[in-house]
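Engineer: Sequence:
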Amino acid sequence: MLQAMRSGAKSPIMKFFLLFLAGGFALWGIGDGPTGLIGGSDKAISAGDQSVSPREVAIEFDRTRRTYLPNTTTAEAMQGGLLNDVIGTMSREVLFRAENEDLGLTVTRAMQRDAIANEASFQDEFGQFSEGRFLQALAGAGFTEQEYLNRVDGVLQRQQLMTAVSQGLRYDSALANVVAAHEMEKRTVKLSSFPVRPESIATPDDATIDSFFQENKPSYDAPQLRSAKIGSLSAAIIAEEITISDNEIRAAFDDRLDEFSTPETRSIRQMVFDDAATANAALDRLNNGEGFAAVAASMLEWTDADTNLGTVTEASLDGALVGPAFAAEAGAVVGPVQTAFGFQLLSIDTITAGGVTQLDDVREQIISTLRGEQAINLLYDRVNMLEDALGSGATIEEAIKKASGRLDIATDIDRQGQTIDGMPAAGQVGELLQDGAILELIWDSELNEVSVIQEGSDDMFFVVNVSTETEPRERRLDEVRAQVISDYKRVEAVKSARAAAEAVAATADGDQDTAPVPAFRRNGIGLDHEAAGLIARAAFEQNSGDIQVIETGREAIAVRTIDIIPATDEELKDTSDLVLSVMNSALRDDLTNLLLVSLSKKHDLQLNVPAVQQILIGNAQ
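Be aware that the sequence shown starts at 30, since it is given in my numbering, and climbs by one per residue.
Source of the hints: derived by calculation from the structure; they are not laboratory data.
Cut-off 30 Å, straight-line C-alpha distance, at most; resulting in silico cross-link-like pairs (DSS-like, lysine-lysine):
id	residue 1	residue 2
1	LYS518	LYS219
2	LYS72	LYS631
3	LYS524	LYS219
4	LYS246	LYS524
5	LYS630	LYS72
Restraint-style ranges between C-beta atoms, simulated for each label pair:
id	residue 1	residue 2	range
6	GLU214	GLU559	18 to 26 Å
7	GLY420	ILE646	23 to 31 Å
8	LEU563	PRO595	18 to 26 Å
9	VAL626	LEU506	51 to 59 Å
10	LEU620	MET328	45 to 53 Å
11	GLU212	ALA466	34 to 42 Å
12	ASN100	GLN152	28 to 36 Å
13	PRO639	THR424	32 to 40 Å
14	ALA615	GLN445	30 to 38 Å
15	ALA231	ILE593	38 to 46 Å
16	GLN189	GLY451	52 to 60 Å
Don't be surprised by glycine CBs; every beta carbon is placed ideally from N, CA and C.
Can you build the whole structure from these sequences, using the hints too?
Structural biologist: Written as structure tokens, this is what we have:
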């Protein structure tokens, strides 16, 4: 889910705003659920004397969701982990604020101005600060001027702190040159490939089969196996039994009409002046027939890019501008309007009417969403019901039936969830066993005892009852005969393919009719082959003219290294700078993580996620 948000954050301005989004809770080992989270109800995040309220976190969550995941409901975004990412980001900010307070770090107006002026997304094609682009970026990001300045302050304070702790800590350029030369070196090779064809191998006689079985007998031993009953409760299971009425569908549609509506948009250009008199002078020139672009160029030295505010909605436009801008007709000039940025003139270029999606078009989406929301609310009641039933002495079958859960039986599976033949369990059981927690519980539980209820993935709770266990044993040939024959044919086919490849390798000119493949690097880039990694490893292990045979399982390949091509001076120069940057960036990231772990202990970082969840769930209902 979050990939959509990451894809929406490609612009420099949004990267600037979301500098510390990555990482989330992982830094402190905090998971998705409320277990172990602490803190007062008036504070969602606290460290030292710094804190943010549950409502502030909820607002930031909703802003992030609407900006990057506009087609995702609050419940879906929470389930996808967005809340954890937002809290992780804000936790970092609170920690840095707490430490900055201790150290007495401040941000001056001059530092703010320099940061804004040096931001590339605010500069014109000549590298000069453009107020027009600045305003456009702010409007597009949905931030007020003060919100933006607060974030700039936070970034600058973090930079001061990180500069202080990392000063002089960086890799030498000589090391980067060595790494670059190593990585940019290329090879050319000749490849002689021989496929593995088990079907070409004749079925062996009984004596050969028996001999092969005896030689490889331990590989056919049956592992330790267990059979277990698995009782599960999940939101998905509960959702299947929930019926959504037409009235509920209509109410949800009306409540979430904004999600199904396309707002009216307007393409707008702007000019911004420091005083009303100059703005009115510009308006007079426009009213006398001069073009908007010409006036902007003459009075402000603005380009078309500077004036372009883009396509906006009422929600994305500065509050003072909304009324005048959306009351005007296409082609009209609006203003001057006084805003936090000065006195603005707007040219309303085009208007695109909004629309509302019809209920029938989103009916199934609404039903699915409502079922999911109701199922989540019912899930914990069902888990309590299951726990009460088991505590009263009910069998796992009785308890699961009472809680309207699902009962599945895993028969004779090993510690990897595979059958005696080494195949994954089939059907619903196989899907359940993909959850490592379930498999682990099956093998940790005592025989004939019902386990404790545990939480799995995807809003699921489960309980197991191991019924039988069989010890490892040797298997007879008649039990595995078909598998033995199949294995024999594959082994012989591999031998045959390798022998053919080795025959080429043993002859100096055995591959003389084979054309070299294009040059590639040691990571396999530039080599169009499914076994590029294996081929590249072989090529870079040997000198020019050397040859070795590799096996992929599907073919045997004789790999002869032809040319060793060092990196060019230009490649080294470009790559060394990049390598040095990446190495130092990784070093800074490691240092930042260590610092944050230390700060979380120093300032007693505390979180109260349930308080935020309560607000978000309440708002969604």
